[in-house]
Amino acid sequence: MKNLHVKLLAFSLIIIGLSLAYYKATILGLPLFPAEKTKVWMVEARLEFKSKGGPAKIQFQIPQVSAGFTAIGEDFISSKYGLSVEEDGTNRIAQWAVRRAQGDQVLYYRVELAPELTAPIQSRGGATPPFPEIPKYPEPMGSVILALLDEVHSKSADVASFSGELLSRLNSSNPDENALVLRKGVEDPEAWVKRVIYILAGARIPARPVYILLLKHRVKHGSLIPWLEVHNGQEWIAFDPKTGERGFPENALIWYAGGQPLVKLEGGESLKIGYSVSSRFQDLVLVAERRARKMNSLIMDFSLFSLPVQMQNVYRVLLMIPIGTFLIVVLRNVIGVKTFGTFMPILIALAFRETELFWGVALFTGIVALGLMLRFYLEYLKLLLVPRLASVLVMVILLMAIISVLTHKIGLERGLSVALFPMVILTMTIERMSLAWEEHGPAEALQQGFGSLMVAVLGYLLITNKLLEHLVFVFPELLLMILAMTLLLGRYTGYRLTELWRFKEFLMKADKG
Amino acid sequence: MIFPWWHLRRLGVLGMNQRNADYILPYNQRRYYPLVDDKRQTKHLALAAGIAVPELYGVIEIIHQIKALNTLLSPYEDFVIKPAHGSGGEGILVITGRYQDRYRKASGIILTEEEIGHHIANILSGMYSLGGLPDTALVEYRVKFNPLFDAVSYLGVPDIRTIVFRGVPTLAMIRLPTRLSDGRANLHQGAIGVGINLVTGHTNSGVWKEQVIEYHPDTGGRIKSLKIPHWDNILELTARCFDLVGLGYIGVDIVLDRDLGPLVLELNARPGLSIQLANKIGLLPRLQRIENFNQIPSSVPDRVALAKELAQVSESLTSGE
Numbered sequence: 025m026k027n028l029h030v031k032l033l034a035f036s037l038i039i040i041g042l043s044l045a046y047y048k049a050t051i052l053g054l055p056l057f058p059a060e061k062t063k064v065w066m067v068e069a070r071l072e073f074k075s076k077g078g079p080a081k082i083q084f085q086i087p088q089v090s091a092g093f094t095a096i097g098e099d100f101i102s103s104k105y106g107l108s109v110e111e112d113g114t115n116r117i118a119q120w121a122v123r124r125a126q127g128d129q130v131l132y133y134r135v136e137l138a139p140e141l142t143a144p145i146q147s148r149g150g151a152t153p154p155f156p157e158i159p160k161y162p163e164p165m166g167s168v169i170l171a172l173l174d175e176v177h178s179k180s181a182d183v184a185s186f187s188g189e190l191l192s193r194l195n196s197s198n199p200d201e202n203a204l205v206l207r208k209g210v211e212d213p214e215a216w217v218k219r220v221i222y223i224l225a226g227a228r229i230p231a232r233p234v235y236i237l238l239l240k241h242r243v244k245h246g247s248l249i250p251w252l253e254v255h256n257g258q259e260w261i262a263f264d265p266k267t268g269e270r271g272f273p274e275n276a277l278i279w280y281a282g283g284q285p286l287v288k289l290e291g292g293e294s295l296k297i298g299y300s301v302s303s304r305f306q307d308l309v310l311v312a313e314r315r316a317r318k319m320n321s322l323i324m325d326f327s328l329f330s331l332p333v334q335m336q337n338v339y340r341v342l343l344m345i346p347i348g349t350f351l352i353v354v355l356r357n358v359i360g361v362k363t364f365g366t367f368m369p370i371l372i373a374l375a376f377r378e379t380e381l382f383w384g385v386a387l388f389t390g391i392v393a394l395g396l397m398l399r400f401y402l403e404y405l406k407l408l409l410v411p412r413l414a415s416v417l418v419m420v421i422l423l424m425a426i427i428s429v430l431t432h433k434i435g436l437e438r439g440l441s442v443a444l445f446p447m448v449i450l451t452m453t454i455e456r457m458s459l460a461w462e463e464h465g466p467a468e469a470l471q472q473g474f475g476s477l478m479v480a481v482l483g484y485l486l487i488t489n490k491l492l493e494h495l496v497f498v499f500p501e502l503l504l505m506i507l508a509m510t511l512l513l514g515r516y517t518g519y520r521l522t523e524l525w526r527f528k529e530f531l532m533k534a535d536k537g
Numbered sequence: 564m565i566f567p568w569w570h571l572r573r574l575g576v577l578g579m580n581q582r583n584a585d586y587i588l589p590y591n592q593r594r595y596y597p598l599v600d601d602k603r604q605t606k607h608l609a610l611a612a613g614i615a616v617p618e619l620y621g622v623i624e625i626i627h628q629i630k631a632l633n634t635l636l637s638p639y640e641d642f643v644i645k646p647a648h649g650s651g652g653e654g655i656l657v658i659t660g661r662y663q664d665r666y667r668k669a670s671g672i673i674l675t676e677e678e679i680g681h682h683i684a685n686i687l688s689g690m691y692s693l694g695g696l697p698d699t700a701l702v703e704y705r706v707k708f709n710p711l712f713d714a715v716s717y718l719g720v721p722d723i724r725t726i727v728f729r730g731v732p733t734l735a736m737i738r739l740p741t742r743l744s745d746g747r748a749n750l751h752q753g754a755i756g757v758g759i760n761l762v763t764g765h766t767n768s769g770v771w772k773e774q775v776i777e778y779h780p781d782t783g784g785r786i787k788s789l790k791i792p793h794w795d796n797i798l799e800l801t802a803r804c805f806d807l808v809g810l811g812y813i814g815v816d817i818v819l820d821r822d823l824g825p826l827v828l829e830l831n832a833r834p835g836l837s838i839q840l841a842n843k844i845g846l847l848p849r850l851q852r853i854e855n856f857n858q859i860p861s862s863v864p865d866r867v868a869l870a871k872e873l874a875q876v877s878e879s880l881t882s883g884e
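Chains as they are written, first to last, in the numbering used here: chain A, 25 to 537; chain B, 564 to 884.
These are computed hints drawn from the structure, not numbers from a lab.
Since we're looking at a predicted model, the values are computed, not measured.
Check each hint, because a few of them may be wrong.
Cross-link-like lysine-lysine pairs, in silico, DSS-like; alpha carbons within 25 Å at most [claimed, not checked]:
1) B:K787 x A:K528
2) A:K528 x B:K772
3) A:K179 x A:K362
Listed next, with one range per pair, are the computed distances between beta-carbon atoms [to be verified]:
4) B:H765 x A:G365: 39 to 47 Å
5) B:P780 x A:K528: 40 to 48 Å
6) B:L693 x A:G465: 18 to 26 Å
7) B:N857 x A:L28: 17 to 25 Å
8) B:Y595 x A:F382: 46 to 54 Å
9) A:M509 x B:E640: 54 to 62 Å
10) A:V354 x B:H765: 52 to 60 Å
Cβ atoms here follow ideal geometry from the backbone N, Cα and C, with glycine treated the same way.
My request is simple: use the sequences and hints to build the entire structure.
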């Protein structure tokens with residue numbers, strides 16, 4: 025097969041480029057469109073206590089973000105306190121310690137959460153708990169519990185349905201006497217969860233409280249809500265202790281699980297804990313990038329995001345150049361457009377980025393026209409080539425300076441951005457145009473000049489396309505596809521569009537035949 | 564006509580992309596390019612091989628030499644100044660005579676020595692060379708063209724361009740200068756291209772600015788059915804040029820001097836495609852047939868015979884259509 029090598033190479037480049045981009049879009053969640061935003065939760069826990077004057081030590085349960093959310097940022101604000109974070113397989117505990125603490129102490133724990141793309145909020149793993157001993161229930165509670173458990177047992181199939189049935193009976197809106205007895209003496213939700221666990225132990229079902237924080241916008245003084253989890257031998261199953269519904273509510277952040285205390289304080293008193301939640305919208309790109317970092321993704325480690333912002337901005341422009349050059353390849357090899365210089369129009373298009381299109385075109389035409397006039401004048405002086413080019417260059421720069429000053433005086437600040445216009449390119453354009461003018465006449469020169477300008481405008485429209493810019497920056501591997509297509513066009517042996525016109529004699533003959 | 568591409572393909576028209584990808588890149592090794600890109604080197608090679616070329620009067624390599632221009636030019640009444648690395652006929656200055664201290668261009672315009680010096684300076688600084696590299700200027704014999712072409716040539720010298728593939732001439736045309744081309748023989752500059760029957764050496768109708776013509780627009784002379792003299796000699800010359808430079812796909816330009824006969828003017832490693840228009844024949848069928856030969860005859864007469872055979876086959880093909 026002809027060009028098999030090139031075709032295989034191009035094919036593999038396309039596969040690599042596409043699969044990398046696919047991975048980054050689906051797994052890492054990088055957005056395919058620019059300016060996509062996502063909700064980011066900012067959760068803050070504030071711990072306040074009075075020091076007793078000596079050393080202080082405080083242990084605080086902090087969320088282990090594993091499902092439903094990704095922590096894209098985590099801060100411990102605790103000025104002079106030493107900090108260590110421990111993990112026990114189920115929970116994470118932050119431990120602050122200080123040798124001497126005086127007066128009011130305030131510590132903050134802050135975490136920024138981005139919703140996970142796919143994973144729902146789930147219970148945590150951990151070792152399978154042993155079956156609890158059946159407690160020695162005091163009477164008359166004991167017989168009530170046993171009767172209730174017996175009844176529920178007959179109407180359930182497994183641990184999950186047993187727990188669900190039990191909870192719905194206990195929470196029923198028109199409760200029977202048994203339920204009323206069991207509800208008695210329970211003041212707060214936490215005690216209620218403990219009561220349910222106590223009852224479940226009668227059926228030897230392992231259960232534990234789980235503390236969750238509901239993420240709602242602008243929560244100033246939030247608190248943890250106790251939830252219930254039962255273990256069925258394989259996994260923990262969550263229940264709403266109030267309704268018996270399975271699972272966690274939406275936007276629930278699991279703070280910690282188990283019966284241990286939320287906080288242990290030594291050397292302090294009158295501890296107050298407050299939670300605040302707020303949300304904001306952030307560029308999905310940034311969120312995905314930080315999320316990928318958290319995932320220790322190697323691809324993200326070596327992505328353009330790892331560069332300093334200033335350099336990132338440079339690459340935002342640089343990465344667009346291959347798209348511009350691909351345009352040139354198509355225009356020259358497939359269409360057959362003639363331009364001054366191979367990639368000159370793309371450099372002009374880059375300059376248009378600074379000036380914006382209208383001004384760019386106006387400046388290009390203006391400077392080239394004035395430059396041509398000066399160049400024709402120089403022709404009389406019979407100068408050697410390089411000094412002549414240098415003279416035109418000097419004049420081009422002076423022209424640009426004059427234009428900038430004039431536009432500034434008039435109050436058109438746009439004219440100032442001309443400074444980054446590629447002068448050397450303009451000079452070469454003027455030189456080539458004047459040569460074409462002399463060798464092939466003004467019509468040809470103007471036609472080629474206009475052609476170059478049109479290609480530059482087309483290039484500008486392409487390289488300033490926001491979607492394309494976003495795509496090549498976030499998925500630079502897509503440039504491998506551009507490379508593949510360029511390689512394929514490098515072996516394109518078909519006719520150029522303009523050749524159809526050039527060889528029209530043949531086509532007419534074919535028509536007659 | 565929905566797919567004009569198919570028709571061009573069917574007629575065997577070679578396009579620019581295919582020329583570059585399938586013929587120039589594989590058959591023309593880069594290292595041989597200097598042999599044809601530098602006209603001085605080509606001339607030396609040709610002379611060494613006993614091939615006639617226009618005599619080289621002098622070479623100007625540095626600006627300083629321009630001061631001595633008068634001494635260099637004094638023995639000659641007429642001459643041609645051209646860049647050694649020029650392409651597409653650009654930068655060629657033809658002086659046909661003198662007028663007092665001045666020089667007369669082919670078009671009749673009188674130039675001062677200073678103006679000629681400036682032109683040479685431009686050549687030296689690389690204005691006409693490929694890639695703008697510094698160049699050399701050659702002063703050489705001005706061809707006195709065969710009177711046969713008086714009626715079909717305006718100001719300049721017609722030349723015969725032949726595409727030679729693997730040493731086998733495939734298509735030939737004669738390029739006639741016009742007023743529009745300012746005496747130059749390049750089609751894109753306005754010269755007329757006239758196809759030549761490779762077997763007989765007779766001209767067909769020509770193309771000028773993409774239109775078919777039978778009479779020269781400036782002189783009114785009939786350009787069809789001219790017999791090119793020394794035709795077999797010319798074919799052999801072109802075939803020999805392949806051995807000279809080792810390039811598989813070249814254009815050979817030959818001029819017919821009144822006194823000296825055929826002279827090789829220059830070789831081109833990237834010959835254009837207009838020759839197909841001039842002949843109204845696509846290059847591809849012949850190129851492909853030559854490509855399919857494992858062995859190309861090494862003797863020049865055999866290659867010329869092969870060229871004629873191929874031309875005959877495709878002639879009968881096209882006439883049969």
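Results for each hint:
1. For the suggested pair K787 (chain B) and K528 (chain A), the alpha carbons sit about 21 Å apart, so the restraint of at most 25 Å is met.
2. A hinted pair counts as satisfied when its Cα atoms are at most 25 Å apart, and K528 (chain A) with K772 (chain B) qualifies at roughly 12 Å.
3. Straight-line distance between C-alpha atoms of K179 (chain A) and K362 (chain A) comes to about 85 Å, which puts the hinted pair past the 25 Å bound.
4. Between H765 (chain B) and G365 (chain A) the Cβ separation comes to about 43 Å, which falls inside the hinted range of 39 to 47 Å.
5. Restraint check, P780 (chain B) to K528 (chain A): a C-beta distance of roughly 20 Å breaks the suggested window 40 to 48 Å.
6. For the pair L693 (chain B) and G465 (chain A), the beta carbons lie near 22 Å from each other, so the given range of 18 to 26 Å is met.
7. Checking the proposed 17 to 25 Å range against N857 (chain B) and L28 (chain A) shows it holds: the Cβ atoms sit about 22 Å from each other.
8. At roughly 50 Å, the beta carbons of Y595 (chain B) and F382 (chain A) sit within the given window of 46 to 54 Å.
9. At roughly 59 Å, the beta-carbon separation of M509 (chain A) and E640 (chain B) lies within the given 54 to 62 Å, and the hint holds.
10. Taking the beta carbon of each, V354 (chain A) and H765 (chain B) are about 43 Å apart, not inside 52 to 60 Å as hinted.
Hints 3, 5, 10, counting from the list given before, are not met by this structure.
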